[in-house]
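Undergrad: Each chain, written out:
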Amino acid sequence: MPKQIAIYGKGGIGKSSTASNVAAACADEGHRVTIIGCDPKSDSSITLLRGRRIPTIMDLMRQGEDIKEEDIVFSGYKGVKCVEIGGPEPGIGCAGRGIIVAISLLKKISKAIEDTDLVIYDVPGDIVCGGFVAPVKKGLVNEAYVLTSGEYMPLYAANNICKGLSRLEMTLNGVICNSRGAPNEENIVSEFAKEIGSRLLAFIPKDVLVQTCEREGYSVIEKASDSAIAGVYRKLARSIMARSEGKIPMPLDDKRLRELTRI
Amino acid sequence: MPVKEKEPLIMHPRPSSIVAALYTLRDLDTDVVILHGPPGCCFKHARLLEEDGMRVVTTSLDESGFVFGGHDSLVEVLEKVIKRFNPKRIGIVGTCASMIIGEELHEAVTEVQPDVPVIEVEVHAGYRDNTKGVIIALESALASGIISEAEFERQKGLLKEATMVEKRHGAASKEYLEPNRGDLKFKVAGRLLELLKQGKKGLNILNAKKETAFMFADINLAVAETAEKLGCGPNIINMANLDDNVGLPKNRRNAREIKDELKQRGMELHHIIGGLDEYPVAGNTASRIISENYPDYDFAVITGVPHALPIDNIKNMELFSITNGPRQVVPLKDMGHKHVVVEIDLHPKTLGVNHIVESEFGATLREMAKDA
Ligand SMILES: Nc1ncnc2c1ncn2[C@@H]1O[C@H](COP(=O)(O)OP(=O)(O)O)[C@@H](O)[C@H]1O
Ligand code: SF4
Ligand SMILES: [Mg+2]
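Protein chains in written order, with our numbering: chain Z, 27 to 289; chain E, 63 to 434.
Mixed in with the good hints there might be a few duds.
Unchecked claim - Computed far set for chain E versus chain Z, every beta-carbon distance over 12 Å: (1) Arg151; (2) Gln175; (3) Thr225; (4) Glu422.
What the hints assert, rightly or not - Some but not every residue of chain Z turned toward chain E, in silico, with C-beta under 8 Å: (5) Ile118; (6) Cys120; (7) Gly122; (8) Arg123; (9) Cys155; (10) Gly156; (11) Gly157; (12) Ala160; (13) Lys163.
It is worth saying that the hints were derived from the structure and are not from the lab.
Quick caveat, the model's predicted, so the values are computed rather than measured.
Positions of the beta carbon are idealized from the N, C-alpha and C atoms, including for glycine.
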């Protein structure tokens, strides 16, 4: 069975950039990788496809297409399989149901989430309803990672996600710090990770390269492969691919969370 | 990319996939079914199914269940069901409400760990063809080892045909079908008597869906009895989809019960054209038998699902159709059936029975034959 992971964290914290760089780094090492964008924004795979936007499953379903694998699974950087679920127009319909329907369609018409070494589910920042945990509930995710910076709000979101995971009895396999340049950030996130019963897997510095590459439609791994930050993503990719043990996280109370951001 | 042929919108209400799943679970001899959804969902059919001995209960999802999820209610109801009914086989059926909010039926089963098989049916009412509800139920029964792969494939083939039958000449054949009470029973019975008296040769065909045969068979029986009474019995050829060697347990049982009763009441079946679940294809068998043996017959009485009988080999006969769908009248007339009679509300009267139930048309014919 492939390694099936989901990366959670506050909206805008860097889940999609981390997911696509990890995907690219794993592909560089010869792993077969599939990335499934579950955010209605459908921006998970764009930097693996040289800036190209691919049709989403929801778009095709809405148009009443007879959907085949080649219509929704696209080959990106070094063969990474890219799928975007998409969603209805903001404020209309039910995006959660969309994820449920799209995942079952994908399972039916494609082997992209079976015949592979790593599946990354890039989920939206907030698990707003049942549909957004469908991949977990349907047993399609077996490892969860939380991405956060050392600031209070992202940590608050990360802690909330841990509450959700523990309710679902889902294990957490590591915390990743995506730096926003807050003081003492690595220590704060590392301490947070320890206290919820997990570990800090990587500290990704804030680096404008991420954004410049992104603007041109590339991952850092592809466009700036010799950069220091590319090295960080590679190391993170290796520790994700290594056999790792997860634990059901123990969320902190709010008082402790506030204290943490002051250390 | 090939765009799916856009299916036309159909406006009249049609049978629901959830209900179809419920009836399928009954045919699989399920003792109790839990509907995971709002309390009033499928109320009428849930109630009717109890006549057949299957219990149906609901998790009664309310506004707060929609918002916060219904997992706990499902666990609670499942536990209660096990305690109260001591069932040997349980079904859990989804509804639109629970499926939209992403309820996982399996989670509750994992939590409760019942020691009897549970058939989980993730279904809602939003499928174009209600046969989808049957297929999902059967898939789940297959997964839990309750039916064989061969039976599953057989059923799937039949359902595909059933859907096609409805598309061609049935409830899914038009954007809107006007309900219609059909022709007056006493007029149609009068015409039938006339033909019998004239010594015309006729086909008497039962092609009914499952338990509805308990009442439709009464009409075929009335025709046979009347012909006998008028001394023209040999002019009538009887055919029925009463093969008791095929289908799910209940369908076999029912076929046997009806066949035995017909025999005991003096009606000889000249041809068996299939089983009770084979109504979508049994018409083809009947059609073949007719073209080989009775191409020049004068009239045909067809009960149950008359529109499943291909018209080619009977189009020169005077056709008497008896259906239970008020929306089936117009399509049957369009096909060329001269007389169409509706046995209104037939289905409910055929639940929970194991003997032939008197029909209005049968009673009319028998009554009029007294004076003939
Ligand atoms: N380590 C980083 N350094 C600099 N910019 C980053 C870094 N990680 C992410 N970003 C930028 O932050 C923005 C939001 O990231 P994104 O991956 O879209 O977030 P999310 O998927 O969590 O909503 C993007 O423009 C991205 O380029
Ligand atoms: S809409 Fe669906 S869930 Fe609601 S009552 Fe009707 S069939 Fe049941
Ligand atoms: Mg994103």
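Undergrad: State for each hint whether it applies.
TA: Here is what the structure says about each hint:
1. Arg151: holds, 25 Å
2. Gln175: For Gln175 of chain E, whose nearest Cβ neighbour in chain Z is about 15 Å away, the distance exceeds 12 Å, so it holds.
3. Thr225: Nearest chain Z Cβ is 17 Å from Thr225 of chain E, so the label holds.
4. Glu422: holds, 44 Å
5. Ile118: violated, 14 Å
6. Cys120: Result: holds, 6 Å to nearest chain E Cβ.
7. Gly122: holds, 6 Å
8. Arg123: This hint holds: Arg123 of chain Z lies near chain E, its Cβ roughly 5 Å from the closest one there, short of 8 Å.
9. Cys155: holds, 7 Å
10. Gly156: holds, 3 Å
11. Gly157: holds, 5 Å
12. Ala160: Hint on Ala160 of chain Z: holds, closest Cβ of chain E at ~6 Å, below 8 Å.
13. Lys163: holds, 5 Å
Taken one by one, the earlier hints fail for this structure only at number 5.
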